[in-house]
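*Asks:* Now for the letters of each chain:
Number of protein chains: 2
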Amino acid sequence: MTIEEEVKEYFKNSKPTHDFSHVKRVYNLCMKIGKKEKADLEVLRLASLLHDIGRIKGDEDHEIHSIEIAEKVMDKYKIDEKTKRNVIHCIKTHRYRNNAVPETLEAKILYDADKLDAIGAIGICRAYSFGGENGQKLYRKEDFSNKDIEVSRKLDHKKHTPVIEYKAKLSRIKDTVLTEEGKRIAEERNKFMKNFFLRLEKEIKGEL
Amino acid sequence: MTIEEEVKEYFKNSKPTHDFSHVKRVYNLCMKIGKKEKADLEVLRLASLLHDIGRIKGDEDHEIHSIEIAEKVMDKYKIDEKTKRNVIHCIKTHRYRNNAVPETLEAKILYDADKLDAIGAIGICRAYSFGGENGQKLYRKEDFSNKDIEVSRKLDHKKHTPVIEYKAKLSRIKDTVLTEEGKRIAEERNKFMKNFFLRLEKEIKGEL
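In order, the protein sequences belong to chains A and B. Residue 132 in my numbering sits at position 119 of the first sequence, and the numbers go up by one each step. Residue 115 in my numbering sits at position 102 of the second sequence, and the numbers go up by one each step.
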């Protein structure tokens, strides 16, 4: 069995928004950005395949669990120590939380790829699939004009909508990515997403 | 209370893909198409507000239940007999099933408006929200190349995806609409939706 096949097994009961297809998309983006930025592609291959494997134990602090499982998998496949250390650093910092700062080129690329999968056409699909899963309305009319969107994000889960998610979070991702190629992709995906939501508003009003 | 407020009450526990926001969008489209096609706007107002009200009793054959409730509501608001008859015909034929053929201009417009709300940006949102609600994957890789898409639609519900829904059903809606203005809107929305799914495929492959 290849590492990819082994990782796939871990995701067989995952929810649609964070299943093995997410891992594969992050992998594809890592390869694309990695080639452009001249990164270590073997580190990126392993890091992208293994970064979310800890979600099997729950979403919170999943990077900690991912590291534990990733170490075992890499030992099984006899990955060399240097590669292993870099992969672990990538996984540890892929959420850029709790002072876990992506320091290597590969860690920055994994962080970017994971964020990029939340925007563009796929970001829209994921936001609406998550919304459906959690009983969210498609939008509330006031979402489009709400200036105080941060406040409404703190309202209860049921009142959240994919439009609020876009305005308060997804539209800002482009300003957080770390690599040049990541920024280029983020700007382009953001433009597409922005047009989508402008269009959606017009359709809702019966203008298109 | 206005009829609109009264109808809204019926939808307070509806699922996101068929809630009062759907009714409002269909209403807006009916007004847009109705003005262009010089239809009876009062008939369209009542027909669009009342067409899905029977869903409170379940989705199957909901047009039958909608008629029952719509008659009571229209009696309460003292709607004249001629308008009432035309509204009932619109509701009865809005799904164009079981030989219920939309014969009047207003019935054709309601049919078109209801179908148009399944395509374009809003169609994408609804397809993914429905998918999330029913545990569907965002796509299967083979959905994009599958030539035998009709067969896969008949697979079990869990294997269905919004991409199959688009290829087998939503992409064909433009050929079923009945009015000139409906056709114009459908062509334009279809073009947007087609580009969205072409783009989605490229993003998935890591090309964008």
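These are computed hints drawn from the structure, not numbers from a lab. Be a bit skeptical, because a hint or two may be false.
Same chains, same label: a pair holds when it works inside one copy or across any pair of copies.
Capping the alpha-carbon separation at 27 angstroms, the derived lysine-lysine pairs in DSS-like fashion look like this [claimed, not checked]:
no., residue 1, residue 2
1, Lys172, Lys218
2, Lys196, Lys91
3, Lys215, Lys180
4, Lys25, Lys180
5, Lys95, Lys182
6, Lys85, Lys215
7, Lys85, Lys97
8, Lys172, Lys48
Fair warning: this is a prediction, and the values are worked out from it, not measured in the lab.
*Asks:* Within a copy, between copies, both or neither: where do Lys215 and Lys180 come within 27 angstroms Cα-Cα?
*Replies:* both (16 angstroms within a copy, 24 angstroms between copies)
*Asks:* Regarding Lys172 and Lys48, is the shortest C-alpha distance of 27 angstroms or less found within a copy, between copies, in both, or in neither?
*Replies:* neither (42 angstroms within a copy, 35 angstroms between copies)
*Asks:* Using 27 angstroms as the alpha carbon limit, work out where Lys172 and Lys218 are close: within a copy, between copies, both or neither.
*Replies:* This pair counts as within: shortest intra-copy Cα distance 21 angstroms, inter-copy 34 angstroms.
*Asks:* Tell me, please, which holds for Lys85 and Lys97 at an alpha-carbon limit of 27 angstroms: within, between, both or neither?
*Replies:* Within one copy only: 11 angstroms inside a chain, 71 angstroms across chains, cut-off 27 angstroms.
*Asks:* How do Lys196 and Lys91 come out at 27 angstroms by Cα distance, when the copy is not named: within, between, both, or neither?
*Replies:* neither (34 angstroms within a copy, 61 angstroms between copies)
*Asks:* From the Cα coordinates, with 27 angstroms as the cut-off, is the pair Lys95 and Lys182 best called within, between, both, or neither?
*Replies:* neither (35 angstroms within a copy, 51 angstroms between copies)
*Asks:* How would you classify Lys25 and Lys180 at a CA-CA limit of 27 angstroms: within, between, both, or neither?
*Replies:* For Lys25 and Lys180, only the inter-copy Cα distance (25 angstroms) is at most 27 angstroms; the intra-copy one is 32 angstroms.
*Asks:* Is the C-alpha distance from Lys85 to Lys215 at most 27 angstroms within one copy, between copies, in both cases, or in neither?
*Replies:* This pair counts as neither: shortest intra-copy Cα distance 51 angstroms, inter-copy 34 angstroms.
Hint compliance for this structure: hints 2, 5, 6, 8 are not met, and every other hint is.
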